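Given the coordinates of chain H, work out where chain R should sit on it, guided by the hints.
Residue numbers (the numbering used here), protein chains in the order written: chain H, 18 to 735; chain R, 18 to 735.
The reader is advised that the hints may include incorrect statements.
You can't tell identical chains apart in this list, so a pair holds if it fits in one copy or across any two.
[Stated by the list, open to error] In silico lysine to any residue, SDA-like type, Cα no more than 20 Å apart, as pairs:
| # | residue 1 | residue 2 |
| --- | --- | --- |
| 1 | Lys135 | Val473 |
| 2 | Lys634 | Ile653 |
| 3 | Lys226 | Gly664 |
| 4 | Lys502 | Arg470 |
| 5 | Lys704 | Ser644 |
| 6 | Lys634 | Ser654 |
| 7 | Lys437 | Ala343 |
| 8 | Lys668 | Glu602 |
| 9 | Lys656 | Glu606 |
| 10 | Lys406 | Glu193 |
| 11 | Lys406 | Glu41 |
| 12 | Lys65 | Glu416 |
| 13 | Lys599 | Arg574 |
| 14 | Lys634 | Glu606 |
| 15 | Lys40 | Gly372 |
| 16 | Lys246 | Leu339 |
| 17 | Lys315 | Asn390 |
| 18 | Lys599 | Ile534 |
| 19 | Lys40 | Asp373 |
| 20 | Lys121 | Asn390 |
| 21 | Lys342 | Lys634 |
Hints were generated in silico from the structure; no laboratory data involved.
Values in this document were obtained by computation on a predicted structure and should not be read as measured data.
2 protein chains.
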Amino acid sequence: MRNNLDKLFFPSSIAVVGATDKKEKVGYAIFKNIISGGFKGKVYPVNKRLDYLEGYKVYHSVVEIPDEVDLAIISIPIRYVPELFDQLGKKKVPAAVVISAGGKEVGEEGRKIEEEIKLKARKYNIRFLGPNCLGFSNTIINLNANFGIDTPLKGETAFVSQSGALFTALMDWALEQRIGFSYAVSIGNMADIEFGELIYYLGKKKEVKNILVYMESLTNPHSFYKAVKEISLQKPVVVTKSGRAETGQRAAASHTGAIGGKDFLYTALFDRAGVLRTDTVLQLFDITDSFSKQSLPKGDKFVVITNAGGPGVMAADEFDRLGIKAAQLSEKTLMQLNEILPPVWSHGNPVDVIGDASPERYRKTLEIISKDNNVDGIIVIITPQFMTKPVETAKSLIEVTKKSDKPVYCVLMGGVKLKKARDMLESSNIPVFETPEEAVNTMYSGYIYNRKRNLVKQDNFLLNKKHPEYENVKKIIEHHLNSGKTVLTEYQTKQIISKYGIPINETVSSNNVEEIISFARKVGFPLVLKIDSPDILHKTEANCVITNIYTEDQIVRGYEEILRNGKKYKKDAVIYGVIAEKQVEGDYELIIGSSHDDLFGQYLMFGSGGIFVEALKDVSFSLVPLSEIFAKEMIISTKIYNLLEKGFRNKKPVDISRIINILMNISKLLLDFPQIKEMDINPLIVKGEEIYAVDGRMVLREKIGNNSVLISDIGGDN
Amino acid sequence: MRNNLDKLFFPSSIAVVGATDKKEKVGYAIFKNIISGGFKGKVYPVNKRLDYLEGYKVYHSVVEIPDEVDLAIISIPIRYVPELFDQLGKKKVPAAVVISAGGKEVGEEGRKIEEEIKLKARKYNIRFLGPNCLGFSNTIINLNANFGIDTPLKGETAFVSQSGALFTALMDWALEQRIGFSYAVSIGNMADIEFGELIYYLGKKKEVKNILVYMESLTNPHSFYKAVKEISLQKPVVVTKSGRAETGQRAAASHTGAIGGKDFLYTALFDRAGVLRTDTVLQLFDITDSFSKQSLPKGDKFVVITNAGGPGVMAADEFDRLGIKAAQLSEKTLMQLNEILPPVWSHGNPVDVIGDASPERYRKTLEIISKDNNVDGIIVIITPQFMTKPVETAKSLIEVTKKSDKPVYCVLMGGVKLKKARDMLESSNIPVFETPEEAVNTMYSGYIYNRKRNLVKQDNFLLNKKHPEYENVKKIIEHHLNSGKTVLTEYQTKQIISKYGIPINETVSSNNVEEIISFARKVGFPLVLKIDSPDILHKTEANCVITNIYTEDQIVRGYEEILRNGKKYKKDAVIYGVIAEKQVEGDYELIIGSSHDDLFGQYLMFGSGGIFVEALKDVSFSLVPLSEIFAKEMIISTKIYNLLEKGFRNKKPVDISRIINILMNISKLLLDFPQIKEMDINPLIVKGEEIYAVDGRMVLREKIGNNSVLISDIGGDN
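Next comes chain H alone, as it looks inside the complex:
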């Protein structure tokens, strides 16, 4: 069994390997940081060439240290680290921080050294951070075991950064902003300890109220998911991940084929794991600060209390931008407000308490509104007008907020005149913003995060039960794979998906025109004719699609034309025959796709089809296996959802549960068959109550990696 991380974060004794008297060196900075931070444990500098350093006896090697060593902090050149690990093993040192750069970030040679270190670490059961990290800080025991950052303030936030530069920058910024931390960790190359385990470890600490992460990439989404899902339901886990440039939206455009970027899979993973993703690093802090100070709003009905009209309108504008409606105050609230506010008050939300509002008027207004059940959160705006008493107003607000079960945020619009009030509010756990927009946005993020976590709580999926048609489909897929044909035609794809409960329009494929005519007699006109060839995937481009077939005569002529055009398009194309299908004109065209990512496994895409998908990238993603709640979420996240749900002109609303069902069946299919590398149903046509997969394709693969499904190993080891 691997050691846990206690010896690393709570060492009784530390060896600083590479400690030096050269002040411009990292080894000096770390040693100095540790000894000057108030750490109560023992510290042993290790350096071959020195005898004393800052009054400490220097050891020439780790093995010479007379006592037990819990933690080695290493800043020697990386090429010496594997050998050093042998010594650590001999000395039974259970934990290390490898500051040394030159690991996999510099290429093949570094990757090899890193592998060597990992092997030694496993051999001696040494847990380690890094390489290529700045170290960490544990303010609970005053241990500032890193270089580059000044002693952080104490607090209840844990911060983990994959970038050293960002670690330094944000800790420096936090110091200026008076933001405190319990732990701050520069995680480096994650050769051993990686995000999942570290977040789990920190998340279980009582001194940690929330966890902030700056992430560039994951090495193991599986372990991340398992660890973080548990933690995030207990305390906020907020992540900024850079590298959105290859967004899912963009990827959607290049769908049909390989999806390029994977950033959208991070978003999908975070959604399933209950992690809030922010766009920028400052949001990371702003948002988390507010979340830790006030409860998360249970809904998106917010009230604005203001002593000036303009800022109230700004807040309302922000509601509009976010697509939410201002809370409707109850009759009782309105009556009570009428009693205490001047007659010219706004009589609605935003609640304009008028420019001459006294602290008492603010207090009573907040008291009344905080009892209204229609309200999920309250934003109080103070502008420094002639009659305004900011400090006294702040006092009143603090008192009422303490008794409120709803989150209260403040907006102080101004500067010098409001400084004292701002400090008071902030130190009383009321988040303060400079603009109404920021306050509304942050409160809305709180609601969204609350909602997301509730989804995660309901994210139930079955892993082991096969679909009743499993065996039949298995035969088909194995047949295709055995015959060496990994690209399936529309007809072949429809055969498979229809067995898993995906409705298709009536379709036949034949190389006998008489069969198509009798098909037409059965299903009626109009028909569409298309080529059935694994070698001609862009059927329209090859002039191998004919629509509006209304007569048997047209069938005969169309049949011949398609075969002729197919041959012309690709001389040696294998042609199975001609597909005939009932022509369906839908109210809406949708698309469902799936693909596979080496790191994240199989995933699904849902969105608007046709011109929409191309122009608007109106698609959403989730990982396999899907649960009903996240299938619904995929649909809700698209723009077309509004039309589907409400209908549009003479088009009726669509029964969303039927689309959920289709997504669930596709997820089942993918879970049952990791051999499915890619799949598209495009379009999935919706017409009133009917839904049909009208066209599709599938690509199979022989070789199946370990990570075919993200969450398959849930409940396994961790």
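For chain R alone, kept in the frame of chain H given last:
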């Protein structure tokens, strides 16, 4: 001729009417602000009940003042103001600031008093600010003639606020942020001096480098347009206008009928006047600060120089979010950078100069890049890493930036360690941001603003020349108006617009089925049949549209069915007959609409039709008359533009100039006929090279107000 505003903003002597010794009163605050700000002119407090105030002799009425008075600042109850204006008239006081509240903002009674004040002002030729304002500040002559704000710092910005609370809040905030002003004006109710004139006046001052405006509403868009267009081409005019909630997007949804909100017309006006609109008040300052410090980028090709990878990725992410591409460095630049940077540098943009970058390395990198012609703007990121020397780096950057013809912004990611460098950069006119995203966003705003101003320079339109078909269409419109029918049917609308050069699909209306059959023989099948009735506008709802008519027999049956259903839908409906038209299936459905606003006059809407317009509000607006450059801009602003321009799958690109031409013709029609109250062409169908107006309607109006067209009076008086 009305006085100009010199006596108001540069008075030699001021009477403070309502000055008092009661320290909690506005009259005291103003007086105190004036006498303690360093104003060199004469100040005369006026108060019936006092003899001396703060060492000044108090006059019991304005007329008693022995000298000339240039400016009266008035804080007595508003009901006494009309009478006071008589005295000002007698005393020949040319300017006033009416602080007193209680004007039109309180309702009918206040509106009357305000009218009275206006009449007196006109009689005596008194120019005045307010009522219901806080006054103004002119730092050039140290005149802080207002209540509520502390003496502002000197600067080159003019700030105008329509909200008193925002005026106080933002000036207080600016003081804390060390932002200076030449003028700051609380404009109040604008009974006399309004935005247009004030911006023009301030814009012509050499001490004003840029103008910031907080606006809630305009009383006269016409004068605003004329005044501000001239100024904005000389110096930035940046406006925050609250009240977006009724956005154009939302309005588009409720189109077909009255468009509710008008906020989108402000955006349309600002675009035509060269004004940059920001979403929030803080952006107002951030953006303008950057624009005044560095030149506006000429294009959107930006380079990022950074000593850390993460922040570079964040900047690149922001490029992606904004839909722009990072600048491609020239071969020469890359070669030069190879010579001075360590081998592991990023070899591209973002230019990662590596964590150990010295000030000299930053300097050389910036020097090389600032000479690359592919680059429009440069963002330099500094993170406080172990080897980083922030102050020395700042010095290097300042030196190079002085010689650069491209804007340079800095991002300092950190806090205490970067404070000194930040101060140095800011005082050397280099804007400093906390995050890469903010810097990229602001630089992009600069490009957008530059681009917008260039559009305004090319905004040429003809006002007087009538269309050759003017007389013919005039007869038709007069005929409809004379017959009392103001709602025109599709057929009638098509008759009018086709004369103005809008292509329509072949259409006939007849109450004789034989005529329709011979129409079919001429144009061929398929046809669509619809009812032609001014009383049945929702033809589909009334079951009065039949598509896919392929035979003469179907014509006969369809004709009868439509008439039958029309009668059933509305018993007493006037039915002209049945419209038959060639059925057109398009690649794209567009919509063009127009309506009229009492304040802004006639305006146009362009956008995606069908499901798009409903789900996505993909529309843009502009004012009449349109110019070619803004017709194009309307098209470019929509999401569907990308599809139109580039084509989509088997759909060919559309010749945008043909749509521009249609918009120009519609604009001409609206300019020629202010009687057109509303018009829709929906859908305008595009199929390859063909474009047709397929359906439409028009509403006429008898009475035409003054403001039928926004820009009709250009070149007139101001």
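Each hint tested on the structure:
In this homomeric assembly, Lys135 and Val473 never come within 20 Å of each other (Cα to Cα): the closest approach is 34 Å inside a single copy and 64 Å across copies. Taking the closest pair of Cα atoms, Lys634 and Ile653 come within 20 Å of each other both inside a single copy (15 Å) and across two copies (18 Å). In this assembly of identical chains, Lys226 and Gly664 lie within 20 Å of each other by CA distance neither inside one copy nor across copies; the values are 44 Å within and 52 Å between. In this assembly of identical chains, the alpha carbons of Lys502 and Arg470 never lie at most 20 Å apart, being 43 Å within a copy and 59 Å across copies at closest.
Proximity of Lys704 to Ser644 under the C-alpha cut-off of 20 Å is found in neither arrangement, the shortest distances being 25 Å within a copy and 42 Å between copies. For the homomeric pair Lys634 and Ser654, the shortest alpha-carbon distances inside one copy (12 Å) and between copies (17 Å) are both at most 20 Å. Proximity of Lys437 and Ala343 under a CA criterion of 20 Å is satisfied in neither setting, with 30 Å inside one chain copy and 44 Å between copies. Proximity of Lys668 and Glu602 under a CA criterion of 20 Å is satisfied in both settings, with 12 Å inside one chain copy and 19 Å between copies.
In this homomeric assembly, Lys656 and Glu606 come within 20 Å of each other (Cα to Cα) both inside a single copy, at 13 Å, and across copies, at 19 Å. Taking CA atoms no more than 20 Å apart as the test, Lys406 paired with Glu193 passes between copies only; the shortest distance there is 19 Å, against 28 Å inside one copy. When the C-alpha separation of Lys406 and Glu41 is checked against a cutoff of 20 Å, the pair qualifies only between copies, where the shortest distance is 12 Å, while the shortest distance within a copy is 51 Å. For the identical chains of this complex, Lys65 and Glu416 are neighbours neither inside a copy (61 Å) nor across copies (45 Å), given an alpha-carbon limit of 20 Å.
Taking the shortest alpha-carbon separations for Lys599 and Arg574, only the intra-copy value of 17 Å comes in at or below 20 Å, while the best inter-copy value is 26 Å. For the identical chains of this complex, Lys634 and Glu606 are neighbours both inside a copy (14 Å) and across copies (19 Å), given an alpha-carbon limit of 20 Å. Proximity of Lys40 and Gly372 under a CA criterion of 20 Å is satisfied inter-copy only: 18 Å between copies versus 58 Å inside one chain copy. Proximity of Lys246 and Leu339 under a CA criterion of 20 Å is satisfied in neither setting, with 27 Å inside one chain copy and 32 Å between copies.
In the homo-oligomer, the alpha carbons of Lys315 and Asn390 lie at most 20 Å apart inside one protomer (11 Å), although the nearest pairing across protomers, at 53 Å, exceeds that limit. For the identical chains of this complex, Lys599 and Ile534 are intra-copy neighbours only, at 12 Å inside a copy versus 31 Å across copies, given an alpha-carbon limit of 20 Å. In the homo-oligomer, the alpha carbons of Lys40 and Asp373 lie at most 20 Å apart only across protomers (16 Å), although the nearest pairing inside one protomer, at 59 Å, exceeds that limit. Taking the shortest alpha-carbon separations for Lys121 and Asn390, neither the intra-copy value of 56 Å nor the inter-copy value of 36 Å comes in at or below 20 Å.
Taking the closest pair of Cα atoms, Lys342 and Lys634 come within 20 Å of each other only across two copies (18 Å); inside a single copy the shortest separation is 26 Å, beyond that limit.
Violation of the numbered hints given earlier is confined to hints 1, 3, 4, 5, 7, 12, 16 and 20; the remaining hints are satisfied by the structure.
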